[in-house]
Amino acid sequence: MAFFGWAGRYLWSAWAGACGLLCIAAAWQGAHEFYGSFILPSPLETLREVAVILPEPWFVRAAGETAIRSLTGFALAVGIGTLTGAVAGYSFAAMRLMRPVVTVILGVPPIAWIVLALIWFGSSGGSAVMTVVVAALPISFAGGLEGVATRDRALDAMARSFGAGVWLRFRTLTVPHLISYLFPAWTTTAGTAWKVTVMAELLSNTGGIGGELATARALFDIPRVMALIVAVVAFALLTEYALLHPLRDRLERWREAGLPWGVKR
Amino acid sequence: MGGQAVKLVLERVGHAFLGRAVLEDFDLALTDGEVVALIGPSGCGKTTILQIAAGLLDPLRGRVRRHYRRHAVVFQEPRLLPWLAARDNIAYGLRMNGIARDLRAAMVAQRAQDVGLSAHDLDKYPAELSGGMRQRVAVARALAVRPDMVYFDEPFTAVDVGLKRILQDLVIEAAAREQFSALFVTHDLSEAVRVAHRLVLLPRRADGTIVERAIAGEPGRRSERAIFALVEAWSADPAFRELFDGRESLH
Ligand SMILES: Nc1ncnc2c1ncn2[C@@H]1O[C@H](COP(=O)(O)OP(=O)(O)OP(=O)(O)O)[C@@H](O)[C@H]1O
Ligand SMILES: [Mg+2]
Numbered sequence: 015m016a017f018f019g020w021a022g023r024y025l026w027s028a029w030a031g032a033c034g035l036l037c038i039a040a041a042w043q044g045a046h047e048f049y050g051s052f053i054l055p056s057p058l059e060t061l062r063e064v065a066v067i068l069p070e071p072w073f074v075r076a077a078g079e080t081a082i083r084s085l086t087g088f089a090l091a092v093g094i095g096t097l098t099g100a101v102a103g104y105s106f107a108a109m110r111l112m113r114p115v116v117t118v119i120l121g122v123p124p125i126a127w128i129v130l131a132l133i134w135f136g137s138s139g140g141s142a143v144m145t146v147v148v149a150a151l152p153i154s155f156a157g158g159l160e161g162v163a164t165r166d167r168a169l170d171a172m173a174r175s176f177g178a179g180v181w182l183r184f185r186t187l188t189v190p191h192l193i194s195y196l197f198p199a200w201t202t203t204a205g206t207a208w209k210v211t212v213m214a215e216l217l218s219n220t221g222g223i224g225g226e227l228a229t230a231r232a233l234f235d236i237p238r239v240m241a242l243i244v245a246v247v248a249f250a251l252l253t254e255y256a257l258l259h260p261l262r263d264r265l266e267r268w269r270e271a272g273l274p275w276g277v278k279r
Numbered sequence: 004m005g006g007q008a009v010k011l012v013l014e015r016v017g018h019a020f021l022g023r024a025v026l027e028d029f030d031l032a033l034t035d036g037e038v039v040a041l042i043g044p045s046g047c048g049k050t051t052i053l054q055i056a057a058g059l060l061d062p063l064r065g066r067v068r069r070h071y072r073r074h075a076v077v078f079q080e081p082r083l084l085p086w087l088a089a090r091d092n093i094a095y096g097l098r099m100n101g102i103a104r105d106l107r108a109a110m111v112a113q114r115a116q117d118v119g120l121s122a123h124d125l126d127k128y129p130a131e132l133s134g135g136m137r138q139r140v141a142v143a144r145a146l147a148v149r150p151d152m153v154y155f156d157e158p159f160t161a162v163d164v165g166l167k168r169i170l171q172d173l174v175i176e177a178a179a180r181e182q183f184s185a186l187f188v189t190h191d192l193s194e195a196v197r198v199a200h201r202l203v204l205l206p207r208r209a210d211g212t213i214v215e216r217a218i219a220g221e222p223g224r225r226s227e228r229a230i231f232a233l234v235e236a237w238s239a240d241p242a243f244r245e246l247f248d249g250r251e252s253l254h
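From first to last, the protein sequence lines stand for chains A and B. All residue numbers for the first sequence refer to my numbering, where the first residue is 15 and numbers rise by one. All residue numbers for the second sequence refer to my numbering, where the first residue is 4 and numbers rise by one.
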């Protein structure tokens, strides 16, 4: 019962998001009427094209490829980044050492990594995965590091006074604190993963949605280009709002309790 | 006071932070069921002694001997886990002691009742509780593990006078009922006189003299008038002067 109440409220809050999307659609329609269908197909034409390509086997395969690559990249980046970041957070020396490294890696544009990945991995799915990992790993690393470094020492002393060992303290104090630090990093990573994968696929011509995008561009099939873009955006939104946000809402209900209108259950 | 078995001994304990001596040759012994108030001006090292006694800090010199099963600490701030409801915060110490989940529920309910928390409050997160309720939760969490030694570090400084009395009475009652020994750090002389059997006054400087006074009668059985008279008398006592001159200690 509580779950349905929460789910209902979550879906209801989607109205606000839908309003924003409709504003974009209105602006898009305006631009379409100004430039004409050849430059910019209308939202309706694009949606029709989306409906056409969605059931097609080539699209399903391409979307699957892109999904697997970005998911692999996401999992690797989040896994390795969080783990190493958390470990580094426990050591002052590692923290000092790694902060500039992270800054430098974040400063390199993803496009540069794609070029390097192409040289190292050739035209295979690996280059897309690697680009995602390198582009997204520092964010999780920084999140893990800050999370552990800013853990509450007072709570730690409290737990030690009850004789809690290192592992128990990590599990009951550091991990919940870490999660609140990591969520923003994870949502950013999820968004980046889709975008970077498509970009890498397009440039390395290794299939997936990026590959289809390259083909559609070569054929000047503008509605298909738009449809593919809309599909990618939809996937990114879906990952964030259907997966990550509900998860965070479940995990971080206590935060709502601190808000002025109190806990909603 | 209960039996005469010694529960805690600090022997010639000395400590320094960054080369600044805070404690030198400090001795203290607590017997079974005895409540000792540790009092002194701000910054004189009360928290340091408590942390050393509770094993949260290793002293640079001296020895600590503990002859008890289990201790619990009530800190100056409640130190609750913000992501756990009051119920789970009270159960935290039990959980750290490896008590199974289904056994914890009954103990938590009992302790919540002891400290005056309703079942309704138990489902709230710390952010939804008042300051006084949070400190009650912290006391309940400490008592839930059935400690035979409890360390209190100025637990009630942040609550108003009326509530302070209620919480003090609660501690006095629990100490009498469960026969635990306690080291009760405070800078409030009337609080010390109310809750303790014996009072240890720390000097401002590490090399000053330590004053020890027994407090007549049992905690909880002393009349308000007697407490007031004793506080008045000691306030005029030169030995207690440092407590009231309001300066921070400079080592
Ligand atoms: N971690 C620390 N690092 C450096 N100095 C410290 C540290 N903890 C305490 N001190 C110093 O040691 C002295 C004693 O501190 P302590 O916290 O024991 O005082 P206290 O008697 O509990 O004071 P209060 O009544 O204000 O809580 C103070 O001068 C303080 O500045
Ligand atoms: Mg203190």
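Derived from the structure by calculation, the hints contain no laboratory data. Where hints are given, some of them may not hold.
To be verified - Stretches of chain A that chain B covers, calculated by requiring three or more beta carbons in the stretch to come under 8 Å of a beta carbon on chain B:
no.: 1; region: 31-40
no.: 2; region: 171-183
Stated by the list, open to error - Not the full set, but computed from the structure, chain B residues with beta-carbon under 8 Å of chain A:
no.: 3; residue: Y71
no.: 4; residue: I102
no.: 5; residue: A103
no.: 6; residue: R104
no.: 7; residue: A108
no.: 8; residue: Q113
no.: 9; residue: Y128
Where a beta carbon is used, it is the ideal one built from N, C-alpha and C, also for glycine.
Hints versus structure:
1. 31-40: It is violated: at least three residues are needed, and the region 31-40 of chain A offers just 0 whose Cβ sits closer than 8 Å to chain B.
2. 171-183: Our answer is that it holds, as 9 residues pass the Cβ test (under 8 Å) against chain B, meeting three.
3. Y71: Violated: closest Cβ of chain A sits about 13 Å from B:Y71, beyond 8 Å.
4. I102: violated (11 Å)
5. A103: violated (15 Å)
6. R104: violated (14 Å)
7. A108: violated (18 Å)
8. Q113: violated (18 Å)
9. Y128: Holds, because the Cβ-Cβ distance from B:Y128 to chain A comes to roughly 4 Å (cut-off 8 Å).
Of the hints listed earlier, those the structure fails to meet are numbers 1, 3, 4, 5, 6, 7, 8, in rising order.
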